[in-house]
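Every position in the sequence shown, counted from 1, becomes a number in this note's numbering once 1176 is added.
FYI, nobody ran anything at the bench for these hints, they're computed from the structure.
Here the structure is a predicted model, which means the values were calculated and not measured.
A few of these clues could be false.
The calculated BS3-like cross-link candidates involving lysine-lysine, where the alpha carbons are at most 25 angstroms apart (straight line), are [to be verified]:
#	residue 1	residue 2
1	K1642	K1795
2	K1520	K1471
3	K1795	K1943
4	K1875	K1857
Label pairs and their calculated CB-CB ranges [to be verified]:
#	residue 1	residue 2	range
5	G1472	D1540	29 to 35 angstroms
6	T1364	D1836	36 to 42 angstroms
7	K1574	N1511	15 to 21 angstroms
8	E1571	Q1541	19 to 25 angstroms
9	E1310	N1215	48 to 54 angstroms
10	Q1678	D1819	35 to 41 angstroms
11	K1551	G1634	21 to 27 angstroms
12	A1837	A1535	40 to 46 angstroms
13	D1663	W1430	40 to 46 angstroms
14	G1866	Q1543	20 to 26 angstroms
15	E1571	D1504	16 to 22 angstroms
16	E1972	T1364	40 to 46 angstroms
17	L1469	D1303	26 to 32 angstroms
For every residue, glycine included, the Cβ atom is placed at its ideal position computed from N, Cα and C.
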Amino acid sequence: MKRHLIGAAIASALLLTAACSTKEEVAAETAQEQIANFNELSPLEQEARIKLVELKSMMEKAQNNKIDVAREETIVWFSEQFLTFANWDEANRDSIEKAFGYERYYAKDKKRLADELPDFERQKVIDILDKGIEVLAQELRGEIKRRPVNKVDWQGTKASDNMFISNGKPIFPYDYFSKTVGQPLTNTDIYNDHLGALYHGGENLYPVDHDRAINSFLLKEDGRFDQELMKELTSIPDTNVGFLYYWIMGIPKWVEEREPEVRKGRSLFTGFDVDNPLVRDVWGKIIRETGRLTKGKKVTELGFVLANEPHWFSEKDHWTYRFKEMNDISSYTLNKFRNWLDAKYSGDVAELNSNWGAAFTSFDQVQIDIPLDTKFKGQPMWYDWMRYNMDRSTEWFKFMQDELHTVNADADTHIKIMPRMFMDNSRSGGIDTEALAELTTMVGHDAKSFGSKNIRPGKSSEWIEKYAYHWGIVAMFHDFMESVAPDKINVNSESHFLSSGQWRDLDTRTSYVRSVYWLATLLGMDANMGWFWARDPDGSPEDRLEGDLDFFDPGLGGAYAGSNNMQPHVTNEVTQVMYDLNSFSEEIVELREQRRPIRLFYSETTAINADDYMTQGYKLYEELFFEGMPVGFATKNIIQKQDNGLWDVVVVYRNQFVTDAEFAALQSYLNQGGTVILDTKDALSLNEYGQKRKQQLVKGNGKLLVLNTNNIAKIKQATLDEIKPSSKPAVVLKEINGVAHKTTMWRVVPNGKGGYLVNILNVGHNKANIELTLANGKSVDITDMMTSNPLETRFEIASEQVLLLEVTPK
1177 MKRHLIGAAI ASALLLTAAC STKEEVAAET AQEQIANFNE LSPLEQEARI
1227 KLVELKSMME KAQNNKIDVA REETIVWFSE QFLTFANWDE ANRDSIEKAF
1277 GYERYYAKDK KRLADELPDF ERQKVIDILD KGIEVLAQEL RGEIKRRPVN
1327 KVDWQGTKAS DNMFISNGKP IFPYDYFSKT VGQPLTNTDI YNDHLGALYH
1377 GGENLYPVDH DRAINSFLLK EDGRFDQELM KELTSIPDTN VGFLYYWIMG
1427 IPKWVEEREP EVRKGRSLFT GFDVDNPLVR DVWGKIIRET GRLTKGKKVT
1477 ELGFVLANEP HWFSEKDHWT YRFKEMNDIS SYTLNKFRNW LDAKYSGDVA
1527 ELNSNWGAAF TSFDQVQIDI PLDTKFKGQP MWYDWMRYNM DRSTEWFKFM
1577 QDELHTVNAD ADTHIKIMPR MFMDNSRSGG IDTEALAELT TMVGHDAKSF
1627 GSKNIRPGKS SEWIEKYAYH WGIVAMFHDF MESVAPDKIN VNSESHFLSS
1677 GQWRDLDTRT SYVRSVYWLA TLLGMDANMG WFWARDPDGS PEDRLEGDLD
1727 FFDPGLGGAY AGSNNMQPHV TNEVTQVMYD LNSFSEEIVE LREQRRPIRL
1777 FYSETTAINA DDYMTQGYKL YEELFFEGMP VGFATKNIIQ KQDNGLWDVV
1827 VVYRNQFVTD AEFAALQSYL NQGGTVILDT KDALSLNEYG QKRKQQLVKG
1877 NGKLLVLNTN NIAKIKQATL DEIKPSSKPA VVLKEINGVA HKTTMWRVVP
1927 NGKGGYLVNI LNVGHNKANI ELTLANGKSV DITDMMTSNP LETRFEIASE
1977 QVLLLEVTPK
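All chains should be built: construct the whole structure from the sequences, respecting the hints.
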């Protein structure tokens, strides 16, 4: 009753403020009619509906004053959607209880959560409306001035060399990777500015033999294509830009009957042996035909995704073995491995035997048990298989791309690479992230973050002791990929920033959402398709989520509970931050296209052989991340193929195993005048087989520092000492945050007007007291570009707050 009386009071106040012009009288009468119907609604929905009337009234006034209201239009849209969703959830509590029950983290509280969800959603709608009303009121009063939204042109956006362009400006397209299946692409309740409007063929996951993804079932045994199935691809309207998927999870029965080994060596999302000749024949035909049929279509503007999360983990007791992955290899794979070894050892089987401790009479006699026991890690046999496993997967994707380019030379490609293939210590998964980023025309992945602790028993959330969210798994992966392929578009085709199988939080912070999307975009992400949108317009879960599910965890059933599909505040904030990023797209591009003066040397050779290479390497990366300069990586290929003037120093940290070619690349860099820091004298001392290297680096025409320490603080200081003054940020940030470690990252670039753009993010738990000064000591004026308001040189930045500033020397 109290809420009802409050709502009535708000409604009366709204009507009293209506002006006496005919147009406004009509609007007031319409509002009166709407409010008259509110009495039958729940108290929270009444309150939300009344606030909607208030916000819409303010929007009309703003439009009359030439104020952009795109942000408010999205708030209104999500509010109305989620009020509908809340009513559906309330009327279908059994279905919602079942949804919570699919996720074991929520299962024990599924009844309570289902009971609470409708009012939780309504309260979050009220919260986003309150914020929208507050911010628009500030603009109407002249207290702030926001830059109008630069909307994505869903029909005309084009892929340039290293960014998407819309209406002559850089643009960051956004959408959801998996969108409610069964709804037509032309349904504007699903495809719009609020949710994103990328057309795509790839949202069908379970089962995978239908819908718009390009899959193995398109080709019949008689060599003809299934025209009905092909229509799912060819019927995609040629109106909106989008992307297409080669979905390689299944294989027809007729292939299995003809090739009994075709399932040997399969993995979760690659359902067959990629070395099988019949598979190559089938997929070559499918790729060429679908590439031909879609050539020049807008749905390919964001590229062809060659695979979904490919991996071939081949070590015993890996987590993937519960899915019966790669517990054997085919004769085709074994024979290709034998040929690889023959080439690697230049035909000298005696050398192979010496390395492996074997007694093969020829390379044709080589045998290996896959999966490999981890006791072999660091030994030559382990290295040879793991290196080959990477090379064979790269060759498979080259085959796919080459087949596509035979019929469509301009087709863009990328692969949804799991960041764990780079970030984790294991290298048995068969994915060389550098090689694949070099191969494809765009960089692809499905980078994730953790906004809260890991919900799985026994899983570490160590990062939460220092930071508000797990920013490092976003930042380090992006910095590596951008170092490898700085001139390529970067596409996250399944961003798990909002939830995943390992984390979710029903009351996720909107500040986290804003910070993580901003961080990823600042560090290179050009487009993202979030995980996932599963609501039909009436509020019901899409077809794949209804009924009894039998998917693996975390499958679609478990993914729904606690996701953005139940979070109006989260889903709205995703679009709001993308609006702001796109409104400042030119500034964001300027900030991220900087030199990376510090390069950390990365060796796949050490990664294969060592147990903790990535864990230890991350610690040094973390220390350098908060120094106001972009951190990069150097590999053999980067040193050989890129302009060495793009960095000041290469730091070799915990890199003991390197090939002769990697060693030679570093020596060549020194010979040309480069600067290299080695942590200890044992750096680079072993080859890929753990054999002692006779040579040591010499300074040549450059500078070689051997620190003889693993102390990160000392290595960090030595690194910073080698940075040229011209490479250091012109604007210096000092922070006091109440803890012993830094939590505020900042980036600086000249703005072309005698001043600087400064982007600041605080990823710590605490607010930070900030002081900005110029490196040359001159005083400055500061403007918050989000609000157009001035800031003092000393100010506070809240946990997870994002600031974009213009700093001008006085």
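Right, here's what the structure says about each hint:
| no. | hint | result |
| --- | --- | --- |
| 1 | K1642 - K1795 | 13 angstroms, holds |
| 2 | K1520 - K1471 | 39 angstroms, violated |
| 3 | K1795 - K1943 | 23 angstroms, holds |
| 4 | K1875 - K1857 | 14 angstroms, holds |
| 5 | G1472 - D1540: 29 to 35 angstroms | 47 angstroms, violated |
| 6 | T1364 - D1836: 36 to 42 angstroms | 59 angstroms, violated |
| 7 | K1574 - N1511: 15 to 21 angstroms | 19 angstroms, holds |
| 8 | E1571 - Q1541: 19 to 25 angstroms | 23 angstroms, holds |
| 9 | E1310 - N1215: 48 to 54 angstroms | 27 angstroms, violated |
| 10 | Q1678 - D1819: 35 to 41 angstroms | 39 angstroms, holds |
| 11 | K1551 - G1634: 21 to 27 angstroms | 23 angstroms, holds |
| 12 | A1837 - A1535: 40 to 46 angstroms | 30 angstroms, violated |
| 13 | D1663 - W1430: 40 to 46 angstroms | 43 angstroms, holds |
| 14 | G1866 - Q1543: 20 to 26 angstroms | 22 angstroms, holds |
| 15 | E1571 - D1504: 16 to 22 angstroms | 20 angstroms, holds |
| 16 | E1972 - T1364: 40 to 46 angstroms | 42 angstroms, holds |
| 17 | L1469 - D1303: 26 to 32 angstroms | 47 angstroms, violated |
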